[in-house]
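Following the hints, position chain B against chain Y.
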Amino acid sequence: MQKIWKNINAGIPQKSIEELNLLLTSKTKQTLNKFLLPMSISILVCIALIIYLTITSLNRQDDLIYIINNLTLGLITTIALFSGMISWYKLQNNRYNQPLKEWLEVRIHLLSKWLTGKQSKLYVLLIPILYTLTVLSIHVYFENKTFIEVLNTKESIIGLVVGTLIGLFVSYFAVRKIRKYQMLKLEFLNDLYGRLNNAR
Amino acid sequence: MKSLKEEFLEILSNYQGILHKVNLVYFKNESDREDNFQEITYQLWKSYPNLKNKDSIGSWIYSVSINTSISRIKRESRIHYRDEIPELPDKSNIIDEISKNESLQLLLNAIYNLNGIDKSIMLLYLEEKSYSEIANIIGISKSNVGVRINRAKELLKQNINTLNHGEY
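As they're listed, the protein sequences go chains Y and B. Under the numbering used here, residues 1 to 200 are what the first sequence spells out, in order. Under the numbering used here, residues 1 to 168 are what the second sequence spells out, in order.
Fair warning: there could be bad hints in the mix.
Unchecked claim - From the structure, some residues in chain B lie toward chain Y, with a derived Cβ separation under 7 Å: (1) 9; (2) 12; (3) 42; (4) 64; (5) 66; (6) 117; (7) 163.
Hints listed in this document are in silico derivations from the structure and should not be mistaken for laboratory results. Backbone N, C-alpha and C fix where the C-beta goes; we use that ideal spot for every residue, glycine too.
This is chain Y alone, in the form it adopts within the complex (with noise of 0.2 Å):
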């Protein structure tokens, strides 16, 4: 077999030097792209809510729970913003010089805590207190009534829970699905991992 396979450096391509100082080039711009956009789309839409979260407390001085509720979304926000920046970057650094079997453990680890860890389960209960308090922070300021007058006024709350729910359906949505695809991935590397443990 090993003398068959010698054959096949007869038909190996050689790229030049340039040819893959081009595909580096272009490979590094993309990635840093891949990486770039989501992360800044991200800190640019936290840092607008953080604004106008500021803004209109500001103009609301006299409405204490109002401001209690945009400084408890304020907070949150920024939270979720940097360990969401730490995840991200975790997985997106993946060392790849290592041996095989340590690469798996490392990507397993990483992997498993994100998705069956302790906190593993927090977006369950975070998406839905971001989504109300962020539609009630709009919703109640641009009613121009205090927070308790709006949720003393039966259209508004009708309003807030339909758009509440619809809001809340497309989230878990998305989030599930990239859930599913990366304990798909997990699967496969615990089966590769545990095929290199059943040698004997």
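Frame of chain Y; chain B shown alone:
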């Protein structure tokens, strides 16, 4: 004096055969192989500054190439947005060369049917790497390498027999 990138590209140029061979055992499709070649190149470049032992460049390239390929094979089954690959002059297609050699074609088809781990072990065995080198690249003990090679060889023989008799 050469820059780090020039130094890296020279090494890559000398060892690019490894990337092509790893690609060949992991990917059937030409465009997947091109995508993966580019991805491996990028991953090698990313880890090049951390390469301490310049005597084991071959092992380092095998490790990065195998790990990168394994992380990408799962993606074949889903909708795949291909990265843009720069237009390069047409080179002789490796598959054209293989198709001229029936035994090689049969061997390669039999390797395709192995699982991701056995593929890499068989590749290293066919490349005549020592048990100790294979152990370092895969991250298992030398004795384990022997067991795995024998098992993979058996599977490969079975695959070849199946393909020979057209039972697949």
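Status of the hint placing residue 9 of chain B at chain Y (closest C-beta pair under 7 Å):
holds, 5 Å
Measuring from the C-beta of residue 66 of chain B to each C-beta in chain Y, is the shortest one below 7 Å?
holds, 6 Å
Closer than 7 Å between Cβ atoms is the bar; does residue 42 of chain B clear it against chain Y? Give me holds or violated.
holds, 4 Å
Per-residue hint verdict: residue 163 of chain B, partner chain Y, C-beta under 7 Å:
violated, 14 Å
Status of the hint placing residue 12 of chain B at chain Y (closest C-beta pair under 7 Å):
holds, 5 Å
Hinted contact residue 117 of chain B with chain Y - closest CB pair below 7 Å
Status holds, d = 5 Å.
Would the hint on residue 64 of chain B stand, with a C-beta cut-off of 7 Å toward chain Y?
This hint holds: residue 64 of chain B lies near chain Y, its Cβ roughly 5 Å from the closest one there, short of 7 Å.
This entry does not satisfy hint 7, going by the numbered hints stated previously; all others are met.
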